[in-house]
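Novice: Residue strings, one per chain:
4 protein chains.
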Amino acid sequence: MLLQQTGCSRDDGGDDVDTMEQAQEYGYIGRKEDYLKRLRRIEGQARGLQRMVEEEQYCIDILTQVSAMTKALQSVALGLLEEHMSHCLVQAAAAGGPAAEVKVKEASEAIARLVRS
Amino acid sequence: MLLQQTGCSRDDGGDDVDTMEQAQEYGYIGRKEDYLKRLRRIEGQARGLQRMVEEEQYCIDILTQVSAMTKALQSVALGLLEEHMSHCLVQAAAAGGPAAEVKVKEASEAIARLVRS
Amino acid sequence: MLLQQTGCSRDDGGDDVDTMEQAQEYGYIGRKEDYLKRLRRIEGQARGLQRMVEEEQYCIDILTQVSAMTKALQSVALGLLEEHMSHCLVQAAAAGGPAAEVKVKEASEAIARLVRS
Amino acid sequence: MLLQQTGCSRDDGGDDVDTMEQAQEYGYIGRKEDYLKRLRRIEGQARGLQRMVEEEQYCIDILTQVSAMTKALQSVALGLLEEHMSHCLVQAAAAGGPAAEVKVKEASEAIARLVRS
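Chains Y, S, L and B, in that order, give the protein sequences.
Residues 122 to 238, numbered by this note's numbering, are exactly what the first sequence covers, in order.
Residues 122 to 238, numbered by this note's numbering, are exactly what the second sequence covers, in order.
Residues 122 to 238, numbered by this note's numbering, are exactly what the third sequence covers, in order.
Residues 122 to 238, numbered by this note's numbering, are exactly what the fourth sequence covers, in order.
Think of the hints as simulated: they come from the structure by calculation, not from any bench.
These numbers were taken from a predicted model, which means no experiment stands behind them.
Don't take every hint at face value.
What the hints assert, rightly or not - Okay, derived cross-link-like pairs now, EDC-like style, lysine to aspartate or glutamate, Cα gap no bigger than 16 angstroms in a straight line:
| id | chain 1 | residue 1 | chain 2 | residue 2 |
| --- | --- | --- | --- | --- |
| 1 | Y | 158 | S | 164 |
| 2 | S | 192 | S | 164 |
| 3 | L | 158 | B | 176 |
| 4 | Y | 192 | Y | 230 |
| 5 | B | 226 | S | 203 |
| 6 | S | 153 | Y | 175 |
| 7 | B | 158 | L | 222 |
Said to hold, decoys possible - Which stretches of chain B does chain L cover? Using the computed rule of at least three CB atoms under 8 angstroms from a CB of chain L, they are:
| id | region |
| --- | --- |
| 8 | 172-181 |
| 9 | 214-223 |
Glycine residues also receive a C-beta, built at the ideal position from the N, C-alpha and C atoms.
I would like the entire structure built from these sequences, with the hints used as guidance.
Specialist: In structure tokens form, the structure reads like this:
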């Protein structure tokens, strides 16, 4: 039941009210508003880049903005990952069984994609 | 006059019609529509991420989308950089003088920011 | 006792023979020879780069080798990290208590350094 | 003849003494000793990592060293690239003709490999 929390697996039933309430305290869900705010800012950066291209601004300045936006995205990813590990992974490990192994493999693949992108 | 083209420096006068026409053939400006399309798609990815967080989707799946978006951004940056070098930098070098040195330094710093972000 | 294994913490007593034997099955230690082989190959790449510079080879070719070496290093890092998570982190989580939190924080910081380098 | 300098192309004849002397002033060749020193230090880092694995040190500490080594390698790459652009690329552009285009394409591909590694 503990593993049933929102955000910690792909197919949450999660209709149970108690579980939902509990879920608010785990994973990135507990900081949902913060992540939404950061992603809205990133969306704004994407619009800002379009404006720069539209106005034919200097390409080096556009590249500087692309780097800033990439850093903001990476920072979101690192935050999500830390919360994933400290909640979903730790919980799966505490519960025992093969679930932890699956979570580690998934997290490792996600990290590899981040490092290589 | 050749260096006066849009996108190749920070302070374009660029009001001259001939220069504007010519500019269409140089730098990223010639592929402006392509870049705008890609940046609109990236903006859409930022909105998609907000939806995923809103719906409390699985964090690993969100991370996969963040990696895809980062790759799309990097690809835009690499394209802009190549066009900057093949037009602005090559042109400054052909014109001779200290302008080329400045362009190389700027480009190097932009590359360092990309590599480290 | 389980947490006392080699490679999973900074200050291992680890003199106990039983613990040492057990340690062979955990973390990167179990694949020590594989990691040593990969690191020796990376050391060879560093020497190869010196030879290329010594012989004044084409800089683009040197850069290609630097990228290959960076990828090899990253691959070692990703392997170490996966084994760290699947052994040290999972074990700390299973044991309960604040140790897991510390391990997650350490791992997150290591991941951030990898992503940003 | 100017383009014939060492380090600026793959197939240097470069036997001519005058050209060789001149080459000392261009590209990374002029800072050859500095690059060799940095690469020797990187080779030392690769040996240090082997020692850490040999001694079964804490994996997080090994990862910290891997990140430091990756940064050192990237810094070498960025230096080589800047010198390549400021000498080989600028020179090819000044000479005119299709050589500059080839150099830009090569440099762009090298940058893409660096950004993605």
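Novice: Keeping to a limit of 16 angstroms between CA atoms, is the pair of residue 158 of chain L and residue 176 of chain B held or broken?
Specialist: holds (15 angstroms)
Novice: Closer than 8 angstroms Cβ to Cβ for three or more residues is the test here. Does the region 214-223 of chain B pass it with chain L?
Specialist: Not satisfied, violated; 0 residues make the cut.
Novice: Can the restraint linking residue 158 of chain B and residue 222 of chain L be considered satisfied, given a maximum Cα separation of 16 angstroms?
Specialist: Violated, because 41 angstroms separates the two Cα atoms, which is more than 16 angstroms.
Novice: With a cut-off of 16 angstroms on the C-alpha distance, tell me whether residue 192 of chain S and residue 164 of chain S pass.
Specialist: holds (14 angstroms)
Novice: Are the Cα positions of residue 226 of chain B and residue 203 of chain S separated by 16 angstroms at most?
Specialist: Roughly 7 angstroms separates the two Cα atoms, so the pair holds.
Novice: Count the residues of the region 172-181 of chain B with a beta-carbon closer than 8 angstroms to any beta-carbon of chain L: does the count reach three?
Specialist: holds (count 7)
Novice: Is the hinted pair residue 153 of chain S and residue 175 of chain Y satisfied, with a Cα-Cα distance of at most 16 angstroms?
Specialist: Holds: residue 153 of chain S and residue 175 of chain Y sit about 7 angstroms apart, inside 16 angstroms.
Novice: Keeping to a limit of 16 angstroms between CA atoms, is the pair of residue 158 of chain Y and residue 164 of chain S held or broken?
Specialist: holds (15 angstroms)
Novice: Run the distance test for residue 192 of chain Y versus residue 230 of chain Y: straight-line Cα separation, threshold 16 angstroms.
Specialist: violated (20 angstroms)
Going down the numbered hints, you'll see the structure goes against 4, 7 and 9, while the others check out.
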